[in-house]
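There are 6 protein chains.
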Amino acid sequence: MFRHVKQMQYTVRVAGPNPGLANLLLEQFGGPQGELAAACRYFTQGLGDEDPGRKDMLLDIATEELSHLEIIGSLVGMLNKGAKGDLAEGVEEEAELYRSLTNGGNGSHTTALLYGGGPALTNSAGVPWTAAYIDTIGEVTADLRSNIAAEARAKIIYERLINVTDDPGVKDALGFLMTREVAHQISFEKALYAIRDNFPPGKLPPIEQYAHTYYNMSEGGDIRGSWNSDENFDYVADPQPAVDGGDGLSKVTLSDKQNTHVENMAIRTQSDPTINPLTGTDLGKGIPKEQQ
Amino acid sequence: MFRHVKQMQYTVRVAGPNPGLANLLLEQFGGPQGELAAACRYFTQGLGDEDPGRKDMLLDIATEELSHLEIIGSLVGMLNKGAKGDLAEGVEEEAELYRSLTNGGNGSHTTALLYGGGPALTNSAGVPWTAAYIDTIGEVTADLRSNIAAEARAKIIYERLINVTDDPGVKDALGFLMTREVAHQISFEKALYAIRDNFPPGKLPPIEQYAHTYYNMSEGGDIRGSWNSDENFDYVADPQPAVDGGDGLSKVTLSDKQNTHVENMAIRTQSDPTINPLTGTDLGKGIPKEQQ
Amino acid sequence: MFRHVKQMQYTVRVAGPNPGLANLLLEQFGGPQGELAAACRYFTQGLGDEDPGRKDMLLDIATEELSHLEIIGSLVGMLNKGAKGDLAEGVEEEAELYRSLTNGGNGSHTTALLYGGGPALTNSAGVPWTAAYIDTIGEVTADLRSNIAAEARAKIIYERLINVTDDPGVKDALGFLMTREVAHQISFEKALYAIRDNFPPGKLPPIEQYAHTYYNMSEGGDIRGSWNSDENFDYVADPQPAVDGGDGLSKVTLSDKQNTHVENMAIRTQSDPTINPLTGTDLGKGIPKEQQ
Amino acid sequence: MFRHVKQMQYTVRVAGPNPGLANLLLEQFGGPQGELAAACRYFTQGLGDEDPGRKDMLLDIATEELSHLEIIGSLVGMLNKGAKGDLAEGVEEEAELYRSLTNGGNGSHTTALLYGGGPALTNSAGVPWTAAYIDTIGEVTADLRSNIAAEARAKIIYERLINVTDDPGVKDALGFLMTREVAHQISFEKALYAIRDNFPPGKLPPIEQYAHTYYNMSEGGDIRGSWNSDENFDYVADPQPAVDGGDGLSKVTLSDKQNTHVENMAIRTQSDPTINPLTGTDLGKGIPKEQQ
Amino acid sequence: MFRHVKQMQYTVRVAGPNPGLANLLLEQFGGPQGELAAACRYFTQGLGDEDPGRKDMLLDIATEELSHLEIIGSLVGMLNKGAKGDLAEGVEEEAELYRSLTNGGNGSHTTALLYGGGPALTNSAGVPWTAAYIDTIGEVTADLRSNIAAEARAKIIYERLINVTDDPGVKDALGFLMTREVAHQISFEKALYAIRDNFPPGKLPPIEQYAHTYYNMSEGGDIRGSWNSDENFDYVADPQPAVDGGDGLSKVTLSDKQNTHVENMAIRTQSDPTINPLTGTDLGKGIPKEQQ
Amino acid sequence: MFRHVKQMQYTVRVAGPNPGLANLLLEQFGGPQGELAAACRYFTQGLGDEDPGRKDMLLDIATEELSHLEIIGSLVGMLNKGAKGDLAEGVEEEAELYRSLTNGGNGSHTTALLYGGGPALTNSAGVPWTAAYIDTIGEVTADLRSNIAAEARAKIIYERLINVTDDPGVKDALGFLMTREVAHQISFEKALYAIRDNFPPGKLPPIEQYAHTYYNMSEGGDIRGSWNSDENFDYVADPQPAVDGGDGLSKVTLSDKQNTHVENMAIRTQSDPTINPLTGTDLGKGIPKEQQ
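Residue numbers (the numbering used here), protein chains in the order written: chain Y, 3 to 294; chain E, 3 to 294; chain S, 3 to 294; chain G, 3 to 294; chain B, 3 to 294; chain U, 3 to 294.
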């Protein structure tokens with residue numbers, strides 16, 4: 003269950019109305035790296051996680067992100083307040099207000115005011131928030147990596163927003179929010195490293211033959227680094243199609259008999275790196291080894 | 003520039019038509035963790051990256067993901083082939099086909115066939131692919147973390163798809179694709195660790211006072227772990243609002259004079275952890291220290 | 003600021019695994035009438051409302067809807083638990099599980115399991131939640147009417163979900179949630195009626211001449227009711243185009259002089275119902291009365 | 003069947019080209035509160051309604067909204083006409099036009115011109131119209147409430163658009179459209195009140211014990227009003243979790259036997275307010291009363 | 003202005019309830035090739051077109067498509083009618099109904115019933131209609147080609163729907179609707195061919211040097227046809243990068259002086275096919291010819 | 003399989019930074035008529051096509067469109083380069099940059115910079131790319147018509163972009179890209195005309211009685227042209243509802259017996275134009291001819 007406390011987690015101070023800045027801040031209210039996205043990401047993971055400690059952490063942080071959503075939404079409302087205040091005065095002032103803002107042009111900025119100046123669940127370009135931003139998939143080592151990356155991205159957006167304003171109260175609050183993303187990133191990293199065998203994620207082993215290969219798919223000069231060095235990878239300078247030794251085309255060929263065969267092999271230990279551990283296919287020939 | 007080679011990177015073999023499985027495989031064609039998403043993520047990063055080695059890696063892997071997109075799409079087409087083949091025979095057969103597939107019910111599965119049985123850029127529930135899935139933000143340490151997480155998620159989806167089928171040719175190809183995600187994850191991790199000072203991402207330092215705090219926002223028993231241990235964090239068992247020492251409300255208070263002041267402080271070294279390095283605000287009092 | 007309490011607002015009991023029902027319940031997790039939509043609707047209104055009592059009510063109810071989101075999400079997780087539990091056993095069982103669920107076909111149901119069986123922010127057809135569902139516009143009498151309607155719709159969806167299941171624990175929890183929508187609807191109606199002059203919404207008066215007209219736009223027999231009776235409305239049996247007395251076409255005709263004129267009239271009292279109070283246009287002739 | 007009349011319902015006059023205003027008006031062409039949304043809302047309800055009078059009203063108003071869509075679309079075209087006219091002159095003029103509009107910047111405004119200056123089915127920020135805006139659910143008392151709210155919202159958007167322009171012809175037409183929303187709102191209210199027992203919507207009764215409770219979920223001072231007064235509600239100042247008397251956790255507990263039991267109880271009259279009428283659960287104890 | 007006639011353009015007869023078929027028909031109600039998409043495509047074009055004959059044709063056909071939308075929506079309602087009728091009986095029957103439909107599984111089909119069984123603006127997989135389906139761009143030769151293609155696609159979807167059902171009344175109505183798409187396609191082709199110089203669309207001429215080249219981008223055997231024959235095209239068997247003769251990289255090189263120069267050349271006649279008519283660049287050398 | 007060549011297909015030259023223009027160019031990166039849409043349209047068709055020559059053409063052109071996507075993306079990056087370069091200098095410069103760009107206002111333009119200045123998969127208004135733009139349906143004559151239309155639209159957008167800039171290098175590259183759309187349009191037209199019996203698309207014949215009728219649905223003066231002339235069409239000046247001779251209402255009437263009857267008739271030759279060839283219904287009477 004959730005409770006709400008009428009004081010916010012951080013005091014919101016603004017120097018004065020600034021609808022343009024209000025609109026930019028929407029990026030962290032209803033944008034892809036924003037606080038609603040963060041809260042929803044961790045909340046859905048927390049509900050699905052059966053480890054009590056990790057579930058707790060996920061719900062703690064989800065709850066804090068909701069508190070941050072409140073801070074950002076309040077900043078938006080304060081920065082639009084003059085605008086909204088003027089709206090309450092009378093139609094003449096409202097007209098003046100809109101005209102001064104639109105400057106003969108238009109933008110998502112004006113749309114936000116058309117909607118009343120409160121915080122809207124859009125990004126700074128006016129695009130409605132979508133759950134397509136949420137990448138929870140219910141496997142803990144993948145989800146924690148997603149969280150680490152999400153916190154890193156959110157930190158950067160806060161940094162850019164801090165650089166785009168000179169209202170000290172807004173900078174102050176954004177600095178707090180930016181810092182909390184860093185703290186959360188550390189928590190998620192600690193939680194990931196607390197899991198043994200966190201790589202590769204999941205239960206199925208990779209196929210040895212392809213797991214350490216780097217295909218240089220771009221012609222025009224090789225550039226080598228730790229990400230494709232021979233120490234870490236088999237570097238293939240001129241990749242050819244059909245790495246499985248087949249013909250690289252599509253066909254209907256396998257019998258029902260092999261079907262059963264594969265079932266039995268699915269969990270066997272992979273002792274021969276030239277055999278696909280999932281199907282027993284000889285990777286050099288494209289057909290099951292037993293049939294050669 | 004891209005070139006296409008008519009042979010695929012991996013030979014596609016299917017045991018026979020299976021439109022239901024074809025539909026599930028759409029998850030990796032037009033779904034959030036699928037190959038188009040992967041290719042677009044790395045391609046947009048690669049175009050924007052100015053480090054030649056990393057740019058190269060990103061475009062290599064983007065190109066390989068496009069080749070994987072072709073493999074998945076060809077599998078979808080092959081598995082729907084009976085369906086599509088029957089469609090070519092005549093209207094009676096087509097009617098029979100559809101009726102046998104719908105079983106008096108319906109689903110995104112049937113929609114896929116309504117669209118002709120070729121690979122459609124939707125996930126397995128029929129939701130069209132959207133660039134909202136792409137989380138590129140143009141800061142390399144954040145983007146590489148996003149890539150590591152994306153590869154982990156894709157690996158898991160392949161693993162689940164492998165478990166849901168017993169067609170050995172499909173399992174075989176999916177095993178290859180799953181393995182390549184693991185290899186790419188390693189490349190991205192190597193590339194991240196090749197960057198000095200990759201944490202925290204970006205240029206602005208966190209505010210020391212909030213960077214190592216864990217707020218226990220969930221009442222009902224504390225559970226501790228490395229993600230909130232006192233060794234790593236200041237653990238706040240009963241968080242109160244207004245951590246900045248203010249009143250937790252929103253207000254218009256700051257003068258223009260402070261404004262300039264803040265500008266000058268933005269890049270100074272943070273020597274006093276109770277001062278917000280961005281604005282010079284004394285974090286215990288909610289006002290700039292110099293004014294006390 | 004928000005706090006989380008580890009116990010839920012209502013105890014969640016399920017008779018056993020039921021992934022099909024879990025999927026249907028997603029309608030109230032990530033669907034248009036669901037709990038996230040409700041929480042976001044009231045939260046955005048509450049942040050923007052300056053009346054302390056109404057702001058309080060909106061945030062109270064938003065917070066309760068978050069607590070309901072937790073209940074629905076926990077039901078989804080419990081109903082998928084067998085599925086998820088089996089997933090943990092090993093690949094063979096996972097394969098069996100998926101195959102039994104898909105029945106050779108497919109649907110958004112299977113997609114949900116592909117995503118790990120936790121609660122996903124989609125509706126029951128797999129469509130991701132979007133802020134396009136949120137109709138907050140920042141004018142209180144319109145927003146309260148939107149809330150009344152939203153609660154009515156949510157009540158109906160819960161009723162249909164109750165009818166679709168026979169798991170008594172699920173029925174029980176859904177009955178609680180359905181009832182709370184009714185209670186919230188009453189609160190919003192009370193709040194609306196506590197506002198004087200709540201109709202018509204906003205500040206500009208309607209143009210008298212068109213405010214009580216009913217145009218019978220459908221040929222083929224008149225049906226009359228209170229919604230178009232002569233007592234309430236001027237009933238126009240055979241509506242003609244150009245009700246303003248013009249020619250019904252589009253043209254560039256008005257001078258700059260009229261422009262200023264209109265400005266001055268915008269707030270005058272509407273004493274003559276044949277005059278457009280916004281522009282002074284004589285509604286019978288399509289030109290300003292002063293110019294006749 | 004629909005027919006089109008070449009004259010519009012209202013004459014469209016504009017003082018001159020004004021692409022910025024054209025763009026704002028798109029809000030009521032392809033925006034959430036716009037005329038396409040209105041027409042689609044009532045048309046889908048009308049097709050599904052079996053009461054001949056109400057069906058008629060819904061299709062009458064849907065048809066009028068299509069006529070309004072034509073008015074708004076024609077205004078947009080007229081206001082862009084200079085732009086479009088210039089486009090026809092030659093490439094030099096087109097270039098000049100675009101450059102003058104973009105002012106070195108950009109916005110959804112320019113995008114609209116890139117698309118040719120005709121009315122596009124987007125809102126004023128360039129977001130494409132989506133049926134996610136349509137909240138028809140096929141239960142008449144809920145749908146009529148949705149319509150009342152939708153008309154109230156549309157009235158407000160027209161009011162804001164009237165205030166943002168000083169083109170008297172545009173103000174005039176918007177005044178007509180705004181007024182018609184008021185008239186439609188009255189019709190929908192009359193139609194709702196013509197239905198006996200229109201509250202609560204649907205067929206299932208609420209659970210008495212929770213139907214008149216107000217939970218004060220926000221700590222920090224109580225504010226009371228008619229929406230949570232003791233006269234209307236049982237006011238719970240400090241809500242606790244597990245209002246059903248359970249433990250607030252999730253569990254698998256109920257037997258198959260109860261399953262049948264619940265079926266039989268589903269339609270019984272609710273004589274004891276401490277019993278959940280849907281399941282017979284004793285609300286104070288969290289288990290069926292018969293089992294105590 | 004629009005009028006509605008209570009009789010439909012075509013009589014709707016169904017053999018009996020069939021919710022599964024109802025759901026498939028939604029493809030032409032709220033799907034990408036459906037009647038709302040058609041009506042919106044032609045309506046937006048018609049409002050923007052200044053040729054009176056073509057405007058008339060576009061609005062005639064838009065109006066007919068609205069009448070078709072009514073036919074499809076009525077078919078959906080009739081086919082769900084048993085379902086909806088049963089819903090009115092009582093909760094027991096409703097429960098029975100849902101259970102029989104879901105078969106322990108789920109799908110967009112069930113979602114449609116959750117929404118009340120009326121026609122919803124989604125496709126057959128439950129995806130909400132979006133104006134992203136509308137490709138109007140305000141240039142008549144492009145728009146007419148879009149319309150020809152749209153009618154062809156709609157014809158095919160109707161054909162597939164006819165094949166998927168054996169309800170003769172539904173087949174009959176779908177046959178009418180399919181035929182009308184053919185008639186509309188002919189009208190749009192006639193209208194396109196009535197425009198002189200309809201190819202290439204627009205005003206700017208293509209650059210001669212690249213306008214008749216076919217790049218064989220796929221290695222692995224050439225296949226020639228009229229679409230890449232030497233008669234029609236310069237066939238480039240092994241395309242190289244940097245076809246402009248440059249180095250294929252990106253750079254900042256051009257001076258302000260060239261800038262002005264280009265302005266003056268923009269409308270000159272293209273007399274030399276090796277010169278880019280837009281900029282005067284010598285296409286063989288990557289720099290303006292005058293500077294060589 | 004795809005390969006990447008590090009040189010681009012066309013050299014990208016820009017005169018200097020121009021973030022506003024960069025933003026406009028996004029229209030062809032992530033907009034509906036852009037290069038990703040083109041590549042995806044032809045790639046999905048190519049994978050599904052079984053004619054080897056046409057498949058080859060589709061994949062050739064898809065591959066070239068990917069190469070164009072690279073060109074546009076590189077232009078965007080170059081034009082934002084100053085911005086991005088300044089971002090790397092330090093926080094003060096970044097702040098200055100943002101402030102100069104936002105000018106106290108905002109727009110999708112600023113959002114693009116918030117995302118780091120690299121190419122984002124949105125259109126120029128910031129709307130994320132969606133596969134709803136892709137109209138592939140897997141029937142070759144419809145798909146080729148869709149391609150012809152898509153190339154025509156893309157040509158127009160390039161033309162408008164050329165007119166909106168005066169950077170000669172950008173104009174040059176856009177001229178190349180515009181020209182290639184023309185060349186592709188020719189290829190698709192050649193491929194369409196190479197198919198015998200390409201009209202009407204698909205296999206089912208239209209119903210003769212309705213295939214050559216033009217319904218004049220718009221009252222207010224007839225305008226005739228080749229698209230509705232008596233030579234091509236039966237022109238119906240005053241269309242009546244129920245063109246099938248029925249009553250234009252919806253009803254349940256047909257027996258199971260007719261059901262079988264229809265099945266047998268589905269493929270018969272249409273010798274009598276007053277009979278629906280799909281169902282044998284006498285079109286003048288609304289019932290099967292055999293029953294009269």
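Hints in this document: simulated from the structure, not taken from any laboratory. Please note that a few of the clues may not be correct.
Chain copies aren't distinguished; within one or between two, either way the pair holds.
[What the hints assert, rightly or not] Once the Cα atoms are required to be at most 27 Å apart in a straight line, the calculated DSSO-like pairs of lysine-lysine come out as:
# : residue 1 : residue 2
1 : Lys205    : Lys192
2 : Lys205    : Lys57
3 : Lys205    : Lys8
4 : Lys192    : Lys253
5 : Lys8      : Lys253
6 : Lys8      : Lys192
message: Hints numbered earlier in the text: which of these fail when held up against the supplied structure?
response: Those not satisfied are hints 3, 4.
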